Amino acid sequence: MNEFIDPGLWAQLDAWRANSRREPRRHARERAYDAMLDAIAVSSRQRVRRSVFAFRPRFAHAGLLAATATVVAAASVAAAGWNAPPGSPLYMVRAARQGVMLKLPGADDAMLHLEFAELSLAEARDGSNLAQSLADARIELAAAVTELPLDHHAALWSRYRLDEATLLSEERGLEPDDPSAPSTAAPRPTDDGTPAGAGSSVGGDDTPSPTFSGSGSPSPSSSWGDDGGHHSPSPSPGGTPRPDE
Amino acid sequence: MIDESDSGGSSLEETTRLTRAVGAAQRGEAHGWSVLFERFYPDVHAYALARLGDVTAAEDVSQDTFVAAVTSIKTLRDRREPAVQAWFFHICRYKVIDHLRRGSRDRDVAGAYFPRPAADPTAIVETHLDAARVRSAMVDLTDDQRDLLIRRFVLDQSLEEVASTTRRSVGAVKSMQHRALGAVRRALTPKRVA
Chain S
1 MNEFIDPGLW AQLDAWRANS RREPRRHARE RAYDAMLDAI AVSSRQRVRR
51 SVFAFRPRFA HAGLLAATAT VVAAASVAAA GWNAPPGSPL YMVRAARQGV
101 MLKLPGADDA MLHLEFAELS LAEARDGSNL AQSLADARIE LAAAVTELPL
151 DHHAALWSRY RLDEATLLSE ERGLEPDDPS APSTAAPRPT DDGTPAGAGS
201 SVGGDDTPSP TFSGSGSPSP SSSWGDDGGH HSPSPSPGGT PRPDE
Chain D
1 MIDESDSGGS SLEETTRLTR AVGAAQRGEA HGWSVLFERF YPDVHAYALA
51 RLGDVTAAED VSQDTFVAAV TSIKTLRDRR EPAVQAWFFH ICRYKVIDHL
101 RRGSRDRDVA GAYFPRPAAD PTAIVETHLD AARVRSAMVD LTDDQRDLLI
151 RRFVLDQSLE EVASTTRRSV GAVKSMQHRA LGAVRRALTP KRVA
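Chains as they are written, first to last, in the numbering used here: chain S, 1 to 245; chain D, 1 to 194.
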């Protein structure tokens, strides 16, 4: 395996080997060992420092991811529940949103309550959770009454009466056709002669009852405005609104 | 009579001990470094002295090698002895180059080689001079050739060991050794005056 090396060169290589493989001096060996231990100590401190600093970016990274995921999830829930219909799991988001809108400074509470009531009425017409929608509309209208202006001829009052009439109409359609069904108020005749339900099965006796035209569309009665709508005007037999003034 | 089973078991135990020592050193544990130091410091010192011929310089380079090894041991993947030894030599080789580049370094008188008292001082001086001549003859070699000659003729490594640790074929190592020895021989041969 080894190539031939002439004796003269071999002797010089052997001298080189012997000269190089001398035993290291003791003090130099100890000095090197101590230097190595110092380097280990420094390296350990740096390792701890690096691990501390390395932990923070990892933590921050995870925190950033978690925060982003939370924001995205919250935005998704808010978007999905913005106009969630009653009965939906996200309806609470919509209720919270409406509550926030009412709490905002400068908000027109009467207007907002009426808008919320009209939205509920629209949902009731669309058939999404009819009873809950009507109940919501009733609550919003009851809240709107307390916020309406003192001037009963104001436009908001007209709007309120129209919404109230719509609500009653919807509630009447919700009642069962069975005449033996219990009723909390005397039946009122309608334009088709069938007994109608109570003026308000949801809102109680204090809510005004509208009169109806022959086509069945509700129309507000101007007589409610004088006493704040605490009367229950009797419906007109002919199906036309009864002018009180 | 040599008990081969004992010898094999001892070798295996030594290999396991070294592997564990490397693992401990990579975790920054001093006892692992102690094992590595005891095992490889003489070789590293011999490698540096073979290149430099200056005891003090070889000691400095050996120390620098182990200090540098502390910070770079994470890069060591193969924990087997030849690989670990080659890794130390690799660091030492570059420390030698760094030392030679700092050519302006003052030679300390204390670093000069003072041979131990021996029966024949003349023989010691001649050995020292022969070694110095070989080192001088290696000046024109490439760094790889010098590394090869040290491994082969100072550290007594076989061609296969050198081939495995330098990632060359045995044939390539043999060829390189042939060229390196030829260059050394030519450099050592006195030139004829015309």
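It should be emphasised that the hints constitute simulated quantities derived from the structure, not laboratory data.
Here the structure is a predicted model, which means the values were calculated and not measured.
The C-beta atom is built at its ideal place from N, Cα and C for all residues, glycine as well.
It is possible that part of the hints are untrue.
Stated by the list, open to error - Across the chosen pairs, the derived CB separations fall in these ranges:
| # | chain 1 | residue 1 | chain 2 | residue 2 | range |
| --- | --- | --- | --- | --- | --- |
| 1 | D | V139 | S | H61 | 50 to 60 Å |
| 2 | S | H61 | D | P42 | 43 to 53 Å |
| 3 | D | L12 | S | E23 | 21 to 31 Å |
| 4 | S | V72 | D | D78 | 29 to 39 Å |
| 5 | D | R167 | S | V72 | 45 to 55 Å |
| 6 | D | T71 | S | H27 | 23 to 33 Å |
| 7 | D | E14 | S | V72 | 56 to 66 Å |
| 8 | D | T75 | S | A67 | 56 to 66 Å |
| 9 | D | A187 | S | R49 | 16 to 26 Å |
| 10 | D | D144 | S | H27 | 29 to 39 Å |
| 11 | S | T68 | D | R101 | 49 to 59 Å |
Claimed, not checked - A short list of chain D residues far from chain S (calculated; beta carbon distances all over 12 Å):
| # | residue |
| --- | --- |
| 12 | R17 |
| 13 | G23 |
| 14 | A30 |
| 15 | T56 |
| 16 | D78 |
| 17 | R79 |
| 18 | D98 |
| 19 | D143 |
Evaluation of the provided hints:
1. Between V139/D and H61/S the C-beta distance comes to about 54 Å, which sits within the given range of 50 to 60 Å.
2. Here the CB-CB span from H61/S to P42/D is close to 47 Å, well matched to the stated 43 to 53 Å.
3. Range check, L12/D to E23/S: Cβ separation about 28 Å, and the 21 to 31 Å hint holds.
4. The beta-carbon spacing between V72/S and D78/D, approximately 47 Å, falls outside the hinted interval of 29 to 39 Å.
5. The beta-carbon spacing between R167/D and V72/S, approximately 51 Å, falls within the hinted interval of 45 to 55 Å.
6. For T71/D paired with H27/S, a C-beta distance near 24 Å keeps the hint of 23 to 33 Å intact.
7. Distance hint check: the CB atoms of E14/D and V72/S are about 59 Å apart, consistent with the given range 56 to 66 Å.
8. The given range of 56 to 66 Å is broken by T75/D and A67/S, whose C-beta atoms sit roughly 37 Å from each other.
9. Taken as a hint, the range 16 to 26 Å is violated for the pair A187/D and R49/S, whose Cβ atoms sit roughly 51 Å apart.
10. Distance hint check: the CB atoms of D144/D and H27/S are about 34 Å apart, consistent with the given range 29 to 39 Å.
11. For the hinted restraint 49 to 59 Å between T68/S and R101/D, the CB-CB distance of approximately 52 Å keeps it satisfied.
12. Distance to chain S confirms R17/D as a non-interface residue, since its nearest Cβ pair spans about 19 Å, more than 12 Å.
13. At roughly 15 Å, the least C-beta separation between G23/D and chain S is larger than 12 Å, which holds for a residue marked as non-interface.
14. Residue placement check: A30/D does not keep its beta carbon more than 12 Å from all beta carbons of chain S (closest about 6 Å).
15. Not every CB of chain S lies more than 12 Å from the CB of T56/D, the least distance being 8 Å, so the non-interface label is violated.
16. The Cβ of D78/D lies farther than 12 Å from every Cβ of chain S, with a closest approach of about 21 Å, so its non-interface assignment holds.
17. Distance to chain S confirms R79/D as a non-interface residue, since its nearest Cβ pair spans about 18 Å, more than 12 Å.
18. The non-interface label for D98/D is consistent with chain S: the shortest C-beta to C-beta separation is roughly 16 Å, beyond 12 Å.
19. Every CB of chain S lies more than 12 Å from the CB of D143/D, the least distance being 17 Å, so the non-interface label holds.
Hints 4, 8, 9, 14 and 15 from the earlier list are contradicted by this structure; the remaining hints agree with it.
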